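Trainee: Order-wise, the sequence lines are chains A and B.
Going by our numbering, the first sequence opens with residue 1, and the numbers climb by one from there.
Going by our numbering, the second sequence opens with residue 115, and the numbers climb by one from there.
These aren't lab readings, by the way, just hints derived from the structure by calculation.
Note that the structure is a prediction, hence the values are computed from the model and not measured.
It is possible that some hints are incorrect.
Among chain B residues calculated to face chain A with C-beta under 8 Å, some are [unchecked claim]:
#1 124
#2 125
#3 126
#4 146
#5 155
#6 158
#7 165
#8 188
#9 194
#10 213
#11 216
#12 217
#13 219
#14 226
Straight line, CA to CA, 25 Å or less: simulated DSS-like cross-link-like pairs of lysine-lysine [said to hold, decoys possible]:
#15 B:140 - B:182
#16 B:164 - B:140
#17 B:140 - A:71
#18 B:140 - A:57
#19 A:11 - B:151
#20 B:213 - B:140
#21 B:164 - B:151
#22 B:182 - B:151
#23 B:173 - B:151
#24 B:213 - A:57
#25 A:57 - A:11
#26 B:181 - B:151
Over the 12 Å line for every Cβ pair with chain A, so calculated as not near, a few chain B residues [stated by the list, open to error]:
#27 129
#28 212
#29 221
For every residue, glycine included, the Cβ atom is placed at its ideal position computed from N, Cα and C.
What follows is each chain in one-letter form.
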Amino acid sequence: DTGVSQNPRHKITKRGQNVTFRCDPISEHNRLYWYRQTLGQGPEFLTYFQNEAQLEKSRLLSDRFSAERPKGSFSTLEIQRTEQGDSAMYLCASSLRQRGYGYTFGSGTRLTVV
Amino acid sequence: QQPVQSPQAVILREGEDAVINCSSSKALYSVHWYRQKHGEAPVFLMILLKGGEQKGHDKISASFNEKKQQSSLYLTASQLSYSGTYFCGTEIDKTSYDKVIFGPGTSLSVIP
Chain A
1 DTGVSQNPRH
11 KITKRGQNVT
21 FRCDPISEHN
31 RLYWYRQTLG
41 QGPEFLTYFQ
51 NEAQLEKSRL
61 LSDRFSAERP
71 KGSFSTLEIQ
81 RTEQGDSAMY
91 LCASSLRQRG
101 YGYTFGSGTR
111 LTVV
Chain B
115 QQPVQSPQAV
125 ILREGEDAVI
135 NCSSSKALYS
145 VHWYRQKHGE
155 APVFLMILLK
165 GGEQKGHDKI
175 SASFNEKKQQ
185 SSLYLTASQL
195 SYSGTYFCGT
205 EIDKTSYDKV
215 IFGPGTSLSV
225 IP
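Bound-form chain B, shown alone (with noise of 0.2 Å):
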């Protein structure tokens, strides 16, 4: 039940870009996206519903595609403030509101 992301991990010079994927083996109602630094919080960045829509966020965006059940989060001309990690999150295709299921996670490092 778990989403599966990609890469694992990245490390970008400032200014390149990057794409981190997440997948599900089930129908999704939902895609989140947080970035979690060091020692802190997960920081909740966006979220994506049914309808295969795209959201952008400063530089950062992503898409879903309900019917592969994949979401992507593109992050253009990195800053040095894009390092940490990354989790998807997802909720299964349900009448009700549901809990958040969260990935691994891709480990993002931009260096100047």
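With the rest of the complex left out, here is chain A (with noise of 0.2 Å):
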């Protein structure tokens, strides 16, 4: 059990372009979540996976971002045409569908938008 792992740690890039991160999550877990962080705030649902069906996408998310998890193993989240407002950490944590259990997170990936 290596934990969640999240790839790139960090990502600069300039406004317009489109940026793909990465998450492989603990391999028996079957719940996988995606957050966005700010600097101050508490992180901030995006979508969710039960295994490879997308069960929720918040209605604060944009269309620009979508996300995926083929197969039910690793998701990635991409961001088309970026936007300043975008800057943030984004933050994977898997679970299992269990009552009583809890959320192990990523170390996330750090965006900056230019």
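From these two lone chains plus the hints, build me the complex, please.
Mentor: Put into structure tokens, the structure is as follows:
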């Protein structure tokens, strides 16, 4: 068990470019979550998967954001036509769909849009 | 829908106690507590389920009052390692397991 792995750790991109982040959850976890965190705030929910099915996407999330979890293993989060307001830490977490089970977070991908 | 946390920040001397509160306007299925140190990912501390239970984790414990939709995190005899930001996260009472919505956090600083 190597924990939740996220790549890259840091990403600097120019406004208007597309970026993709990857998350590798703990292998036996069937739930995977994406959150966004800005300085001084709590993690903000973006979307989550159970196995390969995307169960919910935040209504606050722009159509520029899309996420996939092919075959219920790793997940990718893509942001198209990035804006400066997208600059944040993007956190991935995994868990078991089981009463009383908490989330294990990855170290995150810090995105800076210039 | 985001839970409310209080206080926003607290400074303690080593050995002092602290209480962090979390409240929601909606009926809750569970409350999670996490600690995040600067530049690191949030780390799971404990989860409290509907049923009004109380849990302990070393010198950190928590309670959950489902009728009041409130939870409190208790840190006793604080240590320097307790410093960080504490987040509560809530799951709305539903028939299926849902996602966690996090509060804004409480910054805790323990000084010698």
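Trainee: Each hint should be assessed against the structure and marked as holding or not.
Mentor: Hint check:
A distance limit of 8 Å between C-beta atoms decides the matter here; for residue 124 of chain B the minimum to chain A is near 15 Å, and the interface restraint is violated. Hint status for residue 125 of chain B: violated, given a least beta-carbon distance of 17 Å to chain A, over 8 Å. Taking 8 Å as the C-beta contact cut-off toward chain A, the hint placing residue 126 of chain B at the interface is violated, the least distance being around 20 Å. A hinted interface residue such as residue 146 of chain B counts as satisfied when its beta carbon comes closer than 8 Å to some beta carbon of chain A; here the least separation is about 6 Å, so the hint holds.
For residue 155 of chain B, the suggested interface contact is upheld, since its CB lies about 4 Å from the closest CB of chain A, less than 8 Å. A distance limit of 8 Å between C-beta atoms decides the matter here; for residue 158 of chain B the minimum to chain A is near 4 Å, and the interface restraint holds. Checking residue 165 of chain B against chain A: minimum C-beta separation of about 11 Å lies over 8 Å; hint violated. Below 8 Å, beta-carbon pairs count as interface contacts, and residue 188 of chain B has none with chain A, the closest being about 18 Å; its hint is therefore violated.
For residue 194 of chain B, the interface hint is violated, the least distance from its beta-carbon to any beta-carbon of chain A being 22 Å, above 8 Å. At its closest, the beta carbon of residue 213 of chain B sits 5 Å from a beta carbon of chain A; the interface hint therefore holds under the 8 Å criterion. Hint status for residue 216 of chain B relative to chain A: holds, with the closest Cβ pair at about 4 Å, below 8 Å. The interface hint given for residue 217 of chain B holds, since its Cβ lies 5 Å from the closest Cβ of chain A, which is under the 8 Å cut-off.
Evaluation of the residue 219 of chain B hint against chain A yields a held restraint, the C-beta minimum of about 5 Å falling below 8 Å. Contact between residue 226 of chain B and chain A, as hinted, is not supported at the beta carbon level, the nearest pair being about 25 Å apart and thus beyond 8 Å. With a CA separation close to 10 Å, the supplied pair residue 140 of chain B and residue 182 of chain B stays within the 25 Å bound. Proximity of residue 164 of chain B to residue 140 of chain B is assessed by CA-CA distance (about 13 Å); at most 25 Å being required, the pair is judged to hold.
With a C-alpha separation of about 35 Å, the suggested pairing of residue 140 of chain B with residue 71 of chain A is violated against the 25 Å cut-off. For the suggested pair residue 140 of chain B and residue 57 of chain A, the alpha carbons sit about 20 Å apart, so the restraint of at most 25 Å is met. Between residue 11 of chain A and residue 151 of chain B the alpha-carbon distance is near 21 Å, which keeps this suggested pair within the 25 Å criterion. For the hint linking residue 213 of chain B to residue 140 of chain B, the alpha-carbon distance of about 14 Å falls within 25 Å, and the restraint holds.
Of the pairs offered as hints, the one joining residue 164 of chain B and residue 151 of chain B is violated, with about 28 Å between alpha carbons and a cut-off of 25 Å exceeded. Note on residue 182 of chain B and residue 151 of chain B: the hinted pairing is violated, with a Cα-Cα distance of about 29 Å set against a maximum of 25 Å. At most 25 Å may separate the alpha-carbon atoms for a hinted pair to count; residue 173 of chain B and residue 151 of chain B meet this at roughly 18 Å. A threshold of 25 Å between alpha carbons decides the hint, and for residue 213 of chain B with residue 57 of chain A the separation of about 11 Å falls inside it, so the pair holds.
Taking the CA atoms of residue 57 of chain A and residue 11 of chain A, the gap is near 23 Å; set against the 25 Å cutoff, the hint holds. Taking the CA atoms of residue 181 of chain B and residue 151 of chain B, the gap is near 32 Å; set against the 25 Å cutoff, the hint is violated. The Cβ of residue 129 of chain B sits about 28 Å from the closest Cβ of chain A, beyond the 12 Å cut-off, so the non-interface label holds. With a closest Cβ-Cβ approach of about 8 Å to chain A, residue 212 of chain B is found to fall inside the 12 Å limit, against its non-interface label.
With a least CB separation of 9 Å from chain A, residue 221 of chain B falls inside the 12 Å interface cut-off, contrary to its annotation.
Hint compliance for this structure: hints 1, 2, 3, 7, 8, 9, 14, 17, 21, 22, 26, 28, 29 are not met, and every other hint is.
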